[in-house]
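If you read the protein sequences in the order shown, they are chains A and B.
Under the numbering used here, the first sequence has 220 at position 220, and the numbering climbs by one with no breaks.
Take any residue in the second sequence, count from 1 to its spot, add 226: that is its number in the numbering used here.
Hints in this document: simulated from the structure, not taken from any laboratory.
Hints are all accurate, no fakes.
Derived DEER-like restraints, expressed as beta-carbon distance ranges:
no., chain 1, residue 1, chain 2, residue 2, range
1, A, D89, B, P302, 32 to 42 Å
2, A, E148, B, G518, 54 to 64 Å
3, B, R512, A, V211, 29 to 39 Å
4, B, S347, A, D49, 28 to 38 Å
5, B, D464, A, V211, 29 to 39 Å
6, A, G138, B, E659, 46 to 56 Å
7, B, G374, A, D89, 21 to 31 Å
8, B, V519, A, S21, 49 to 59 Å
9, B, R439, A, P208, 48 to 58 Å
10, B, D658, A, P208, 14 to 24 Å
11, B, P302, A, E143, 35 to 45 Å
12, A, S21, B, V454, 46 to 56 Å
13, A, V48, B, T442, 52 to 62 Å
14, B, D459, A, E140, 40 to 50 Å
Where is the CB? At the ideal position from N, CA and C, for every residue including glycine.
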Amino acid sequence: MSTASGSNLNKVRDSAEAALSGLDDGALLLVGGYAGHHEPETLLQGVVDSGVGDLTVICPGGGPSLSRLVEAGLVRKLISSLPFNPREDSPVKRAWESRQLELEAQPTGVLAERIRAGGAGLGGVFLPTGAGTRFAEGQETREIDGREHVFQPAIRADFALLRASVADTLGNLIYSGTGRNWNPIMAMSARITVAEVDEIREPGGIDPEVVITPAIFVQRIFQRAS
Amino acid sequence: MPGDRLDPQKIAQRAAQEIRPGEAAAIGTGIAAGISRAVPPGSGAWLLAESGAIGYRPATESALVDASGAPAEIIPGGVVVGTVDTAAMLSGGHAGVAFVEAAQVSARGDFVHWTTAETLSLAAPGFAVDMASGARRLVAVMTHAHDGGISRIHQQCSLPVDGVGCVSLIVTDIAVIGITESGLELLEVAAGWSADDVAAMTEAPLAVSGNLREMTFDVPKLPWPGKVYDSADEAVADIPDGAVVNVDGFGGPGGMAHYLMVALRDHGAKGLTMISNTAGIAQVARFGAPEGVTPIDHTILVENSQIGHAIATYPVSPSINRPSAFERAFLSGESTLEVSPQGTLAERLRSGGAGVGAFYTPTGVGTLLGEGKEQREINGRSYVLEQRILADFCIIRGHKADTLGNMVYKGTSRNFNPVMATAARTTIVEVDEIVQPGELDPEAIVTPGVFVNRIVKRPEGFSPYL
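With the hints as constraints, model all of the structure from the sequences given.
In structure tokens form, the structure reads like this:
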């Protein structure tokens with residue numbers, strides 16, 4: 001542990017187990033990543049090791065680490081815009097085909113706006129996306145400025161497991177390339193947001209004009225092994 | 227005997243001809259992914275990937291990937307953003323064109339994305355529904371028929387569709403087909419294919435263009451459109467009477483588009499709806515301005531009788547003894563006013579830019595600001611429905627812009643600007659410095675150039691005081 005503060009404000013955790021404390025069976029989890037890149041690998045392995053189950057996971061970008069959760073049978077339901085590549089074999093595809101895993105598919109932007117709405121304190125938003133398709137079935141619609149919009153309720157989760165490149169000890173985060181992906185909105189929308197990072201700096205070590213996720217959204221930071 | 231069927235990269239090359247100068251072109255997966263390899267280096271358009279890239283090209287190894295997960299790098303003048311930002315860019319109508327690999331297309335422009343067709347009991351669309359719903363033009367790239375010869379182009383799709391009436395052009399491995407009000411029109415054929423050959427493989431009536439041509443595969447290198455204007459006067463010259471205008475500024479004098487504000491005053495357009503945080507209080511609040519000078523802010527537009535209506539969060543003077551120009555205009559009946567809570571105003575602007583029609587917020591419930599608005603209980607909490615704002619013009623100040631309009635701010639000059647920039651049809655920015663594409667860190671750009679139409683350099687030493 002790099003900081004001396006022993007107070008409750010200390011966000012740095014020295015193990016995945018400590019970073020995941022309080023994660024219980026049946027939790028709703030947001031997990032960052034894009035197409036298997038920039039996964040919070042150590043945290044996801046920590047979930048496997050913890051043995052918590054019956055999880056609902058919203059992860060539009062899962063890869064090998066998410067697959068380990070699925071293979072361990074810890075995930076009851078996975079929500080994504082494209083949970084697996086249909087042209088490739090994968091543990092998620094096999095688990096779904098053998099009915100061990102429930103899947104729900106939503107358009108990328110709908111899922112993103114629902115998560116952002118949760119983080120921004122909104123109850124829900126009206127979006128034109130998917131109007132007239134199966135994605136609007138059973139949902140409230142209304143015409144706004146002559147165009148049909150679909151009501152999309154906000155999503156808030158119990159935990160968000162993210163990966164960032166650099167954090168300061170207060171939890172301000174920056175990302176690298178596609179590492180940004182879903183993280184900024186997921187960070188806003190969970191009761192406990194945990195960031196797995198490559199590097200931890202002292203406050204002031206990141207240019208305040210380029211911080212992407214302000215520390216107020218981050219409860220715990222964990223530095224992965226280099 | 228017809229000619230060969232084109233390979234997927236040839237389809238991508240023909241499709242890439244549809245990108246226009248300076249626009250954002252959303253690139254999907256499958257065959258569509260090849261478009262990034264078809265566009266010549268240095269071409270003047272942004273390829274948009276849901277992975278968070280605005281302006282990318284293929285690379286060998288990178289922390290950045292494209293929509294398919296293949297390595298990519300940001301072009302000079304490109305920007306790294308989050309997935310929600312790319313989705314909002316599409317939904318808000320800021321992408322000119324999008325390319326999706328379709329498994330089926332109907333004669334009226336419905337389509338089924340390849341991932342939906344290949345995950346039938348799940349029907350997972352990825353980003354396709356967002357692209358279909360948001361892009362101004364949707365191009366479907368696809369093989370014309372299944373290997374057995376069964377057409378993928380139908381009178382009506384047999385699978386659940388990912389978009390209704392949204393495809394405007396189909397590029398296949400044998401033809402290019404336009405979709406019009408009256409149905410399909412064959413525009414181009416691949417070498418060795420006749421109109422009759424294509425019609426025989428198409429399960430819907432196919433009109434033949436009088437201008438039928440053979441498909442070509444050269445992809446032009448596009449010029450970036452010029453956005454830099456010589457003066458603020460030129461940049462605001464076409465703002466008409468009655469326009470809705472976002473005007474930036476928090477308090478003052480930092481972070482206001484003083485140069486553009488003065489130009490808009492001199493231009494003189496009347497009956498404007500002004501959307502802003504204050505409606506001009508710098509002259510009464512002073513904000514540390516020296517004795518004997520008049521700070522420039524929204525007040526100069528109000529005093530010039532240009533503001534017919536304002537939507538603002540703080541439209542009054544901090545002192546009851548020194549009413550602001552807007553308070554006087556309001557009390558005299560010259561201007562009308564809608565007050566919006568500050569966060570609600572920001573969210574309404576973001577909604578305008580992101581294609582959100584309306585949203586439920588808890589802010590203002592049970593207060594005067596919530597009166598007359600639709601109220602709803604969601605999960606035990608009360609919310610009011612608030613409407614988006616979309617302006618005709620936006621004038622804001624940045625710190626630096628590149629010539630494509632990518633911008634960074636400095637301190638409080640960021641304030642409402644990033645959301646205001648997205649929520650106008652024409653966004654005009656005033657910056658201290660204009661640099662070349664590639665000079666701003668793509669990870670640190672706050673407002674992508676996709677949202678910016680005109681750039682002016684604030685003259686050195688331009689005074690924030692009259």
